[in-house]
Amino acid sequence: MSDRFETHQHDVLIVGGGGAGLRAAIAVCEANPKLSVAVISKVYPMRSHTVSAEGGAAGVIKPGDSLDEHAYDTISGGDWLCDQDAVEAFVKEAPEELLRLEHWGCPWSREPDGHIAVRAFGGMKKMRTWFAADKTGFHMLHTLFQTSLKYDTVIRYDEWFVTKLLVDDGRVQGAVAIELMSGKIQAITANAIILCTGGCGRVFPFTTNANIKNGDGMALAYRAGAPLKDMEFVQYHPTGLPFTGILITEAARSEGGYMLNKDGYRYLQDYNLGKPQPKPVLRSMELGPRDRLSQAFVMEMEKGRTIKGPYGDVVHLDLRHLGEKLISTKLPFVRELCLKYQNIDPIKELIPVRPVVHYMMGGVHTDINGATPLPGLYAAGEVACVSINGANRLGSNSLPELLVFGARVGRAAAEFASKHTTPSAAILAQAMDESRRLRKQLLEKTGGGERIATIRDEMQKAIENGAGIYRTGTSLVETVTKLRELQQRYRNTVLDDRGLTFNTELIAAMELGFMLDAAEAIVQCALHRTESRGAHQRTDFPKRDDEKFLAHSLVYRNADGSSRVEYLPVKITRWPPGERVYGEPSQTKDAQAGR
Amino acid sequence: MTPHEAKGATQYTTYHPRWYRTRVSTYWWLGKWYYLKFVLRELSSIFVAYFVVITLLQIHSLSRGPEAYARFEERMRNPLMIALDAITFLFVLFHTITWFNLAPRAMVVRLGGKRVSEILIAGSNYVAWLVISASVAWFILR
Amino acid sequence: MAETIQLEVTRYSPEHDAAPTFQRFEVPYRKDWVVLDALNYIKDKLDGSLSYRWSCRMGICGSCGMMVNGEPKLTCATFLSFYAPDAVRVEPLRYFPVVRDLVVEMTDFMVKLQKVKPWIIRKEEKSIADGEYLQTPQQLDVYKQFSMCINCMLCYAACPVYGLDPLFTGPAAIALAQRYNIDSRDQGAKERMDILSQHEGIWACTFVGECTEVCPKHVDPAGAIQQYKLTAAKEWFKSLLMPWGAK
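Just so you know, the sequences run in chain order A, B and C. Numbers given in this note's numbering equal positions in the first sequence, counted from 1, plus 5. Numbers given in this note's numbering equal positions in the second sequence, counted from 1, plus 1. Numbers given in this note's numbering equal positions in the third sequence, counted from 1, plus 2.
Hint data in this document are derived by calculation from the structure and do not stem from the laboratory. Do not rely on the hints blindly, as some may be mistaken.
[As the list claims (entries may be wrong)] Pulled a few chain B residues facing chain C out of the computed Cβ check, cut under 7 Å:
1) R19
2) W20
3) Y21
4) R24
5) Y28
6) W34
7) L41
8) A104
9) R106
10) G114
11) Y127
[Claimed, not checked] If you want the ones that stay clear, here's a sample from chain C, every Cβ over 10 Å from chain A, calculated:
12) P30
13) G64
14) W121
15) G133
16) K192
All residues carry an ideal CB built from backbone N, CA and C; glycine is no exception.
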C-alpha cells in the first residue's frame with residue numbers, strides 16, 4: 006500500500022449495486038444525463054442480495070383493488086409506525102415502477118391473455134403481488150443490471166469496499182475505499198452520496214441474509230453523524246431452513262401450506278390468527294403477518310410442542326397435500342432448495358423450519374426523498390428507513406420499495422449534486438488519515454490474537470439472546486455489556502492475511518466492525534422502547550403504548566463512541582392508530598378502520 | 002461505459018502481469034470422455050468428406066461406361082481400401098448418430114405453444130433415416 | 003473422534019508466488035455440508051488468509067463457482083458426501099486468470115456481457131401510462147429458460163473454445179443476447195446480429211456442448227448458440243436472395 010494517494014471525482018456516488026443502487030443510478034442518468042454517476046460495490050452488482058428475494062412485489066394494478074387498501078394494509082401491518090405520507094407516495098408509485106421494469110424486460114408471470122398476473126401474499130387483503138415465478142428478486146436485479154449497462158455515464162467500481170464517509174463543513178463530500186483486486190486505498194469524492202448497501206441480517210446467527218449483509222451503510226452513516234431510525238424492529242421470517250437459513254418463501258403458505266407442531270396440529274389457531282380453513286384465507290392462519298407467526302413459534306417452543314432437530318427447535322411446514330403438480334408448477338424453486346440443500350422432497354416429506362432473521366425495518370433515517378439529515382448523504386432500500394415499513398414490513402413490499410425510493414433518491418441526489426461543487430482540501434487530509442488508520446489498525450497490526458470468527462459468533466449469540474423475537478430489559482442490558490466487551494476485544498483482532506491482493510480477511514474484519522455498530526444501535530433502540538409493537542416484543546412491557554411511543558427511535562453516535570436515543574413523532578395523514586388484529590373476527594373491524 | 006473505458010475504474014481492469022494463467026494443454030481433449038467424443042465427432046467430418054469423394058468417383062466411372070466402372074470396382078477391392086471404408090463407415094455412423102442426438106438442441110419446434118420434446122425431434126430424424134435407408138435398400142436389392 | 007475429510011485447495015499469492023500450489027486441510031466431515039461450508043471452516047478456524055468469493059449460499063448469486071475435482075461447480079451446491087471419503091480438490095475456475103487463491107479475474111466476462119446489448123431495444127417506447135406490453139405465457143416460455151442465467155461462468159470454464167481463444171464471446175453472453183432476441187417485447191435482434199455474427203461470436207462455437215452440461219440453472223447456452231446460428235444462416239440466405247430487402 007503505497008503512500009501515493011489516488012482520488013476520483015464524480016457528481017453522484019452510489020454505494021451498493023443491488024436493486025436500489027441500480028435503480029438510483031438509472032434515475033440520476035435520466036434526471037440529468039450530464040452528471041457523472043459512479044456505482045461502487047463490494048461485489049459485482051448481480052451478486053447483490055436483491056437476487057435472493059423470491060416471492061414478489063406488491064403494486065395495485067387489478068380492478069377491485071385500490072391504492073388506499075394497499076396503504077391501509079401496509080400501515081396496519083406496520084402497527085401504525087409507518088409515516089403515512091411516505092406510504093401514500095409509495096403505493097401510488099409502486100405500480101408505475103413495476104410497469105417500468107416490465108418495459109425494461111423483467112419476465113413477470115402473466116395471465117393467459119398476456120396481462121401481468123398477481124398472487125396473494127401474507128398480510129395483503131387483496132391479490133396484488135407481481136411475481137416472476139419464484140425468482141422475483143433475481144429477475145428484477147438482472148433486469149436492472151442489464152438495463153443499467155446501456156447508460157454510458159454510469160461508471161462502476163466493482164469489488165471496491167467503502168471504509169469511511171468523508172464529511173467536512175457539515176456536508177458529505179466523498180468516501181474512502183479499498184480496491185480488492187489491488188489493495189489500493191483511494192478517495193472518491195462526490196457532491197452527493199447514496200447508500201444502498203442493504204440490511205444487517207448477518208448480525209444474527211440464523212438469517213436468510215447473504216454473507217455480504219453486514220450493515221455497512223448503516224455503520225458508515227452512523228459514524229458520519231447521521232442517525233439510525235427504528236433499529237429495534239427486526240423482522241423474522243417464520244419459515245427458514247435450519248443451519249443454512251435458506252428461506253422458504255411465503256408463497257409456499259399462500260398456495261396452501263400448513264404449519265404443524267410436533268403433534269401435527271395447526272398450532273397457529275391458538276394464537277388469535279383465525280380458525281383453520283381447508284383453503285388459504287388472506288391475513289388468517291398461515292397467511293398472518295410474519296412477526297405474529299414467528300412469535301407463535303417461540304410460545305410453542307416454550308410449551309415444548311416443537312420438534313428437536315440437530316440445529317435446535319423446529320416446526321414443520323407441510324406441503325404434501327398440495328400435490329406434485331401444484332408444487333412443481335407454482336413452487337419449483339422451493340422444491341429445488343429443499344432437495345439441493347436439505348435433502349428433503351416437499352412432495353413427500355415435511356420441511357423442518359424455524360424463524361430466521363429476514364429484514365431490518367430500521368435503517369438510516371431519511372425523509373420521503375431519501376435525504377438523511379446530513380447534507381449530501383442519501384439512502385434507499387433496506388439500509389434506509391423512510392419509513393414505510395413501520396414496526397413490521399409486509400411481505401412483497403420491499404422489492405417495490407427499492408424501486409420507488411431508489412428512483413426518488415436518484416432524482417433528489419441528482420438535483421443536489423448539480424448545485425454543489427468541488428470537495429474541500431480537508432477532505433483529502435481526512436482520506437489520508439483513514440488510509441493510515443487502516444494500515445496501522447489492521448494490515449500491519451501485531452500482538453492481540455483475537456480471531457474474527459470468534460468475536461462474530463459471540464456477537465451473534467449475544468444479540469439473539471438479548472434482542473431476539475422476545476426481549477426483556479434484563480436481557481438487553483446483558484447484551485449491551487457483552488457488546489461493549491466485544492468492541493474492546495475487536496481492537497485486538499489480528500489478521501492471518503497480510504497480503505494486498507484480494508484480502509478478504511481484511512474486508513471481513515471491517516465488516517465485523519460495522520456489524521458491532523449495527524448491533525449496538527439495535528440493542529440501544531430496543532432497550533429504550535418500553536412497549537411492544539410489531540416486531541419489537543418486550544415481555545416486560547407487553548402492551549403497545551401510543552401515548553409515549555407513536556414515534557420513531559433515532560439513535561445517534563456521540564463523539565466518545567457511546568450512543569443516545571431520541572424520538573420523532575410518526576406522520577399520520579388519514580389512518581388513526583387502530584388495533585392490529587388478524588384472522589376472521591377482524592375482517593369487519595379492519596374494513597371499518599379502512600373506512 | 003465499460004470498465005475498460007471508464008476513467009475512474011481503469012486500474013483494475015488492465016491485466017495484472019502477475020495474475021496467473023494456465024496454458025491450455027494440447028491434450029485437453031483426452032481428459033474427459035465428453036471432450037474426446039467431441040474431438041472424434043469433429044474428426045469424423047474428414048471421413049464424411051472422403052465418403053462423398055468416393056461416391057462422386059463412383060458416379061463418374063459409372064457415367065463412363067461398364068469398363069470404367071469395372072476398373073473402379075477392381076480398385077475398391079484392394080484390402081487397404083476395404084479397411085479404410087470400414088473405418089469410414091464407423092465414423093459416418095458415429096457422425097450421424099451424434100448429429101441426430103444434437104439436432105433437437107438447435108431446432109426448437111413448437112406445437113400449440115408447447116415445445117416439442119427432444120426425444121420426439123431426435124426420434125423423427127431416426128425414423129426418417131430408417132425409412133430412407135430401407136427404400137434405398139429396396140431399390141438396390143429388389 | 004468425529005469424521006474428517008481432506009481438502010486440497012489452490013493457494014496463490016501474486017505478491018509471493020510464481021505459480022499456484024496446493025495446500026491440504028483437514029476439515030470435519032458432515033453429511034449436510036457443501037464444499038463451501040468446508041472452505042468457510044478453513045477460513046474461520048484454520049487459515050484466515052484463504053481467499054474466495056461467496057455470498058448467498060443458495061445457488062442464486064453466482065459467486066462461488068470453482069473447479070471441484072476438475073469439474074466446474076457451484077461450491078454451495080456441491081455436497082462433500084458426493085466425494086467422501088476421498089479428498090476433494092478445489093481449484094479456481096479454469097481458463098480465467100487467477101488473481102489470488104480461488105479468486106479469478108472476471109472483467110473479460112463483464113465486458114462481453116455488455117457488448118451483446120442485453121437490454122430491451124425498441125423502435126418506439128411505450129409510455130408507462132399505456133400499461134404493460136402484453137406477453138402471453140407461451141411467449142414468456144419461449145425465452146424464459148435463457149433468462150435464468152446467474153452469471154456464474156461455469157460454462158466458460160467448461161468451454162475449450164474459450165480456453166483456446168479468449169476472444170470468443172462465450173456461452174453465457176450469447177445465451178443472454180438470444181434471451182432478448184426472442185423476447186416478444188424486443189426489436190433489437192438486427193443490432194445484436196451485427197455483433198454476434200462476427201468471427202468471435204457464434205461462429206467460433208464448435209458445439210462441444212459441455213457448457214449446457216455444467217449449467218446449474220439449465221439455461222442450455224449450447225442450444226441458444228445453435229439456434230442463433232440457424233437464424234443467422236437464414237438471414238444470410240435471405241439477404242443473398244433478396245439484397246433489396248435488407249435493411
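A quick look at each hint next to the structure:
{"no.": "1", "hint": "R19", "result": "holds, 4 Å"}
{"no.": "2", "hint": "W20", "result": "holds, 4 Å"}
{"no.": "3", "hint": "Y21", "result": "holds, 4 Å"}
{"no.": "4", "hint": "R24", "result": "violated, 9 Å"}
{"no.": "5", "hint": "Y28", "result": "violated, 11 Å"}
{"no.": "6", "hint": "W34", "result": "violated, 11 Å"}
{"no.": "7", "hint": "L41", "result": "violated, 12 Å"}
{"no.": "8", "hint": "A104", "result": "violated, 9 Å"}
{"no.": "9", "hint": "R106", "result": "holds, 4 Å"}
{"no.": "10", "hint": "G114", "result": "holds, 4 Å"}
{"no.": "11", "hint": "Y127", "result": "violated, 19 Å"}
{"no.": "12", "hint": "P30", "result": "holds, 14 Å"}
{"no.": "13", "hint": "G64", "result": "violated, 6 Å"}
{"no.": "14", "hint": "W121", "result": "violated, 5 Å"}
{"no.": "15", "hint": "G133", "result": "violated, 7 Å"}
{"no.": "16", "hint": "K192", "result": "holds, 16 Å"}
Of the hints listed earlier, those the structure fails to meet are numbers 4, 5, 6, 7, 8, 11, 13, 14, 15, in rising order.
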